[in-house]
Every structure is written in C-alpha cells, then in structure tokens.
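Those sequence lines, one after another, are chains A and B. Sequential numbering from 1 applies to the first sequence in the working numbering. Sequential numbering from 1001 applies to the second sequence in the working numbering.
No wet-lab data here; the hints were simulated from the structure. Positions of the beta carbon are idealized from the N, C-alpha and C atoms, including for glycine. Hints may be right or wrong, so weigh each one.
Stated by the list, open to error - For each label pair, taking beta carbons as the anchor points, the in silico distance ranges come out as:
1. A:A13 x B:P1168: 22 to 28 Å
2. A:D142 x B:H1120: 56 to 62 Å
3. B:K1205 x A:R583: 22 to 28 Å
Said to hold, decoys possible - If you want a taste of the chain A side facing chain B, the calculated C-beta under 10 Å gives, among others:
4. R14
5. A197
6. T201
7. G235
8. L266
9. G375
10. G429
11. H433
12. M477
13. Q655
14. T691
15. D693
As the list claims (entries may be wrong) - If you want the footprint, here are the derived chain A segments under chain B, 3+ residues with CB under 8 Å:
16. 23 to 35
17. 182 to 188
Below are the chains, spelled out letter by letter.
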Amino acid sequence: MTDGGTPLGGSHARPDALAKVTGQTRYVGDIALPGMLHAAVAAADVSSARVGSVDTSRALEIPGVEAVMTAQDVPGANLIGVIFPDQPLLVEDRVRMVGDRFAVVAARSPEAAWRSATAVSAQLEPLAGVHDPVEALKAGADAVHDSGNLVHTFRVERGDIKKAEARATVVVEAEYRIGGQEHAYLEPQACLAIPEAGRVTVLASCQCPFYIQQGVARVLGLPLSAVRVEQAPTGGAFGGKEDYPSEPAACAALLAWRTRRPVRLLYPREHDLQATTKRHAMRVHHRWGADRAGRLRFAEVDVLLDAGAYAGLSTVVAERANASAIGPYDVAAVRVRTRVAYTNNLFGGAFRGFGAPQVTWAHEATMDRLARELGLHPVELRRRNVLGERRRVTSTGQRLPAPVMAKACLEKAVAASSAGQPARALPPGRWLHGTGTALVLYGCNLHHGGQHLDRSSAVVILQADGSAVVRVGLTEMGQGNLVAAQTVAATALGIDPVKVEVWQPDTTTVADSGPTVASRGAHASGLAILEAVRRLRRRLDPVAAELLGCEPSQVMLGGDAARVFGEPEQTIAMEQVVQEMVRRRIETIATGWYRSRRRRFDPATGLGSPYEFYAMACHVARVAVDPDLGLVRVEHVAAAHDVGKVLHRDALEGQIQGGIVQAMGWALTEELKLSRGRLLNPGFTDYLIPTSDDAPAISIALLEDAPGSGPFGSKGIGEPSFIPTAAAIRNAVCDAIGAEVDRLPLTPPVIVEAVAARHPFSFLLP
Amino acid sequence: MARDRNRTDKPGKGVTRRGFLGTVGAGAVAAVTGLPRPGEAVPEITEPKGMVETALSINGRMHRLLVEPRWTLLFVLREQMGITGTKIGCARGECGACTVLMDGSPRYACMTLALEAQGHEITTVEGLMDGEELGDVQQAFVEEDAFQCGYCTAGQVVAAQGLLAANPSPTVDEIRAGMAGNLCRCGAYVHIFRAVERAAKGRGKGGGR
Ligand code: FES
Ligand code: FES
C-alpha cells in the first residue's frame, strides 16, 4: 500500500495474475459446450472480381457438415461495418478484398468445417482492381465502390502560409512511405455463439462487446435486447479486436441461429493474418520551413491513407492522423490535408496509436532533416520549437493549460538515454552507432468526432462480507483495465484491493460504454466507478455515521473500515457497516456514468479542441547498425511520459515496455508483403515480430506534474507508449548511417540501399 | 536463431502439419485459382479410422487413450483430454504458446505428434503447481507482473521452467536467448526476464523445487 495507505500507485498483483500463470484463464478456445459445432469461412483469395454464383453443393457433402450459408440465408441485413454500410457480411455480387466471405460453414469438427469451406466454389470474373491509393484517386481508376474511391478529406487550416513562408530561410520537402502493421495478438480471433429460442448469447475475444451486439442484432434482425455479448478473456487486441470481431461473431451467430446449436469460430493464424484489419499504410508529404534562428515558420502536410476495400474505422483513424500531423510544436501557419482512399488491399482498422504513429514518424523525420539543414543538433531544434510554458497553443489552435510537459519529457528522456546501458554486447562486426529523438503530443480519449461514444458505465455492488463486485463497460485485453478498475474502486471504498472483484463486461449488466480504445480504459471506467461509489456513499455514510456516532459528512473510508474525520481511533469495520445496510434493507448496488466534457471544434477548418486534454512523451533510441548487412539493433530506449498520476506502477511500466517493443517491430521488421492485395507472408516465419532476444534495454521516467482529468488525475498510456518509438529509431538509424531513410519499415534492403545511395559512385550501381 | 533453441525443427515455408487448421478457403475461388472445379473430386477426408492405442504420461499421471497417428500432442491435450492450459497461437511452430516439457525440456506441442510423446514424461503448465501452491516460476511471474494479456504466459512459464532446469543460474543474455522461442506480442519481455531471474535466485537459496 502506498499513497496514504491506499493501493494507488503501487504494484500489487493483478487480479487476473493467478489464473494466467496457472493456465486457468478460460479463453474462448478453452470452452466447449455439448453439441457445439465448429465454424469456418470460405474466403476469397483474389482481391477484385465480379461474382456470378456461389456453389455450396460439394461443401455440403463433406461428412460432418451441418450448415453452409451464403448471403441469401442472412435473416436480417447482410451488412457489417462500424460506420459506413459499405461491407456485406457475405459476398453478394462483388469481391473487393482477399478474405471476403462467400459462405460460412458449421460442422461437427473444425477439420470438417475448414475442409468444407475449401469446397465452396464461386464463378468469378476477375477485375484488375486498384492496389495503390495514389492510383485509386486518379481519374478513370477502377471504382472499388460505386461512391468513388475518395472516402473523405480532413483539413487543418491555420495562419497565413504565404507570409510565413517569406520568413523561412530553410525549407525541406519529403515524401514518406509508411507501411502498415499486423496486430498479431497472440490469441487469434475467437467467438462462441449460443442460441436460445428468440435470442442469442455471444462470448467473444474483443475490445467492444457493444459493437458486436449491434452487428449481430443487425445481421439476425433481432432487437438489441435479444443479443447478449460477454467479453471473454482476451489474448491481446491492440485495436485488432475493436471493429473486426463483429464479423466472426456475426458469422458464428448466423450459424448458431440456423442450426440451433452453439457454434464456435476460431481463426487459424494464417486466416487471421490474411483476412483481418491492419494498421493503415500511409503516404505523407511534407513541406516545412524554419528561419535562421531555428524557429518553425510553416508546415504543410499532405496525408493519404490506404483504407483498403472497406471504410471500417478509416475515417476516424484519419481524423486522429489529421489532428496529430504537426506534433507538439509551435507553428503559426499550418496546412494539413488528410485523405482516405479505397483500394482493393486488405482493409485498415484500429491499431494502437490510431493514425498518430505514422504522422508522428513523419514529423519527427522532418524535424531531424530540418536540424541537419540548419546545422543544429536535433535535440536543440526541438528545444527551440516544442510547446512549453510560453508557447501553449497547439496546431489546431487549442490553448493547453499549464504546465505543458513536452519540454520536460524531452530533457528527461535525453538525460536518461545518455545514462542508460545497452541490453547486451554486440556481436563482432562493423557497427555504426546513432541516437534518435522523437516527441509526441497525444490527444487523450476520443476525438471530437467520436465524442458521442465517449461515455462509460459501471456497477458497484457491496457484499455483506465487506467485499465488492465491480462491473465496467470497458474491457481488459492485457493492458491492465482490471487492475486499474480494482485499484480505483478499492481506493474509493477504502478497502483492500483483494476484496474487489472486477468482472468482465456483459451487455446485460452495463450500459453501452463504447469501445475500449484511445487509451481511455482506465480513465472512463475509473470515473464511472468513482461516480457509482459516490452514489453508494449517499446511503452508506448515514449508516456508518449512526454506528460511529458522528455526522455523515465526517465519515471517511480507509483500511477496510469507516472512520470519523479527525478522530482516527474511532472506526467500524466495513463489513459491519454493509451488514447493517443489509439488515435495514438499504440498497447496496449503485451505477455510475461517465461522459467526456463538451468542447468546441470546427471540422471544416480542423480548428478548435479536438481532444479534451493531452499527454506528452519523448522517446530517445540508441541503435547500432551494420551497414553492410543492413541490420539494426536497438540497444536502448529512454522513455519519458507525462502520465498525470500513476494508478498501478507495474501495469503502467508494462504498457510502456510493450509499446516500445511492438513499435520496434513496426519500425524495423514487420513488413506486410502485399501482392495485388494478397498477403504473401501470413505467418510468423516471414512476418517477424520481436522476440525476447530483440528487446532493447528500456529506461522509464514518469512525470506526474500535470494532472489529467482521469481518476485521481491520471492520463492514458496505452497509445502514447507506442507512438514515438519508431520515429526515434528511424532518426537514430539515419544518424548512424548518415543518410535519410523515408520508408518504414527499415528492413535490411532499405538500409543497404540508403547506405549505397550515399556512396559517391552510387550512380554506377544497378 | 535463438528461437529454435531446444525446439523441434520448424517446417518449411507454408507447410502445415495440422490439416484441420491448415489452408483456408483456398478452393473458394475455383474459377480463378485452378483449384478443384465444380464436378472434380473434393480432397479426400481422413476418416477417424486407424486409431491406435497409446499411453501418455501427463503431469505425473498415466493416461490410456486412442489416437490417430497424425494427431499432435497439442490437439490431444486440448481437444481430447480437456487440458487447456497449453495454448494455441499458430499451430506451426512459430510462437511458443503451446510449449510443454518433454522429460524436462521445452518442446512445441503443436510440432510433436502424440505418439512421439509416448514413453516420455510430459509436463504442462497445470503440472507446475505444487499441490495448491504456485510453483516457484509461476510465483515469480506473479510477483514481477510478467504478463499482460496472458495468452503466451503458460508457454513462457513452462519454457522458463525448462530453461532453469538446464541452466539453474542463467545470465540475462542466456535468459534472452533461452526464452526467444516464446513470442509475447504484449512485449512483457522485461518483466519476464526479471521473473526468470527471481526464480533462479530463489532456487539458489534453496527456495525452489
Ligand atoms: S502453437 Fe505451437 S508454436 Fe505456436
Ligand atoms: S502477455 Fe500477451 S502475448 Fe504475452
């Protein structure tokens, strides 16, 4: 116990620890029911075609098959997709993407189901399709949807670029090509649908049971109240289980509805990699200018997102990219344009950082470029332009409250980097060393455009033995929402955290709380819990006061007891207070609700307050590069984060370490090799995610000087932990090899090419 | 490289040993891919015939059962015996979620046929408990918060157990290399290293088993 005897900021064992280290956590794949069938999907392996007919006759002949369903068997609307109704659940007349489903199958074994799925055949008339977002926006390009390939354009327009440009002595221009990323959560997509006459229960590995509830209800043509979705323990998500799980869940529910039996759908890894959403690939064009004193004068940014074949959450991702394009710098004249284009590539979705990592990578690359042009150290250029006490207005014109922690994060991370030790000795060879810095200004919680979803529900039930049941609408997927909710509830109720049991969300126990995204889990569930506890105390405090012989306003909770303010000796056990409430038949359950504050924002100009508040962070990476082989080893990452207030230290540091490792994979090795929209490397042998041997040494500095509006002043960490790392690594590699690299990932061929291009005789190379 | 340490060989690119979790929907676009066209023979199904009797020693108990020769140890553990602590992350020797001990050495259960396990002592995460108590490696994982989503954790704990059996006081470099066959997408590596170090220290003091 720390912080005045409360668990706040401590490191007590997570409530889910015991089950996880003993293998007792029941993920969906660990649950089987009597009579349960196994589902499989028949998926397209071309990315664009007109569909003549789908033939399921041979699929039905496979022994063990109970049902094969196509688009015409859907009882409700054959539509999936969170925002735009552009995606059929099952193919009708067009294939737009590899992984589009012709049919779904239920069989008595997974083997029979997947075999049956391969026996589904479709008459297809192949189309050329479009696989490059730049081509997609050209006149005459194949239209992926009848509405055209431009999905949406976002802008930020602030200040007078012409005037500002006249004062800039150095202008740099660059075109960045930034690749996507696969979530690679270790537990593939998984769900189980259990039908009863007229209604259905779905158990799913997911980040938002409410999205699934809506998707399943729409597809089955049921009222929302007839669809109950419970979040199963979730083996990693990172955004990949925000929007996507509605698709497998709707498939399983469809088959369960038809067969009247429980149906479980587990994606084999290869299908998971081939068919699910990815981080968006982006093209980012920059024109930035600074004066001789190293002050930024103007910044022009043009971003193009490859949405893939369906809009999914692409517009929302683009909205965050658009608002994050300039970073934590003071620039008076700003033009940002962010466009979203359909192609026949795999579709983009939510992924940790949500559009911000790509634009951050670009603005940090440009800052280093500018520094080199100006002959300034990259850290010095940042010092001269970063938001701080005297410069508190963001690129969208939002004035930040003091203190602004960006500069402090920069200094802390730079200091921690020079003090930090590498993880291990380098193997023999020629190694060049480099250091790179990257800053991020992270808009906490949902953007103004998604404000309507920024709410959450909690239920707290005091038990007669002084323990408490807590239910929240936000999910645990490894990031620590359970321990955060437990810590907040225990602190507010003044009881030991082990007496607080947090159960996973279920659409029948809490109200629609939106998705667990945007680093808002602990924030939104914590504030809803605090509200529920406040309501409970309106009933609890008078009872406690009576037992203690004081006024209700004097009642304090702590140490598993109620006590009198100012008289620490006078206490009564929480258990006794609750028993007295029970005896008097006083309600011991309360609900809590949270919603974010309203704010002003103009979508047409991109000006105003897109986010309620911000978290800042700086990462400094030190790398060693073998220029002959193009190998990069990240030796050390120093991370300084403006966290507001630490709720649980281990979980917080775990998020930072995990974010850094995952971003390192994106930066260096995780290349999505697409050929005409098809992934050529759908396995961990060719799609390389970091192993323990790749993990860098990490130093962490937590800054608690600028409170956020989360519980006890906390701010989210899930995304800011990821966003700056890849940029810092890029800058470190460029520092090491003495050349600019404008592509991500920095695979060995990319690095060798950059090194070779720097060679005076490079024009002689083939 | 280290990923292969103490492991069975990986299959070549694209080879999948487990038919039932193998290729997906490849035949769906018959007209385009040249896979069987309507009217052609459907790939043959192996009927559950040819079952053979076997005896497997799992977590100290002998189990007699009928298996098909092609069944993996992972399939038998999870689907036939209901021992589900061992997870499935890829089913082709790429992730380590399915790690079990075979005579004390870590092994990918998805890459081991059940029949290969005959005559060997198999230990899964369930077998690391000391009665009702956590095993020392499990305890160290709790104390160091060496997990996030937990899906890799059973495999990590088992791999750490195997590592410490082979090398009771590993250096950090040896831990990094020794654990490299177990992916953790949550990136809990730093805490995992600390947990393995803590367990090793505990044993050095005579605290472990
Ligand atoms: S499931 Fe066996 S290595 Fe991945
Ligand atoms: S804890 Fe999630 S994969 Fe390791």
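Going down the list of hints, with the structure as the test:
Between A:A13 and B:P1168, the C-beta spacing of about 25 Å keeps the proposed range 22 to 28 Å intact. The hinted range of 56 to 62 Å is satisfied by A:D142 and B:H1120, whose Cβ atoms lie roughly 57 Å apart. Between B:K1205 and A:R583 the CB atoms are about 51 Å apart, so this pair departs from the stated range of 22 to 28 Å. Hint status for A:R14 relative to chain B: holds, with the closest Cβ pair at about 7 Å, below 10 Å.
Annotation: A:A197 was flagged as interfacial toward chain B, and the flag is violated, the nearest CB pair being 29 Å apart, outside 10 Å. A distance limit of 10 Å between C-beta atoms decides the matter here; for A:T201 the minimum to chain B is near 21 Å, and the interface restraint is violated. Because the smallest distance between the Cβ of A:G235 and any Cβ of chain B comes to about 3 Å, under 10 Å, the interface hint for this residue holds. Given the 10 Å rule on beta carbons, the hint for A:L266 holds: about 8 Å separates it from the nearest Cβ of chain B.
A distance limit of 10 Å between C-beta atoms decides the matter here; for A:G375 the minimum to chain B is near 37 Å, and the interface restraint is violated. This hint is violated: A:G429 has a C-beta 15 Å from the nearest C-beta of chain B, more than the 10 Å allowed. A least Cβ separation of about 20 Å between A:H433 and chain B goes past the 10 Å threshold, and the interface hint is therefore violated. Annotation: A:M477 was flagged as interfacial toward chain B, and the flag holds, the nearest CB pair being 6 Å apart, inside 10 Å.
Below 10 Å, beta-carbon pairs count as interface contacts, and A:Q655 has one with chain B at about 8 Å; its hint therefore holds. With a cut of 10 Å, the hint placing A:T691 at the interface with chain B holds, because the nearest CB-to-CB distance is about 4 Å. Hint on A:D693 holds. Least Cβ distance to chain B is approximately 4 Å, under the 10 Å limit. Interface restraint, the region 23 to 35 of chain A with chain B: holds (8 residues with C-beta to C-beta distance below 8 Å; minimum three).
For a cut-off of 8 Å, the count of residues in the region 182 to 188 of chain A with a CB near a CB of chain B stands at 6, and the three-residue condition holds.
Violated hints, in rising order: 3, 5, 6, 9, 10, 11; the structure is consistent with all others.
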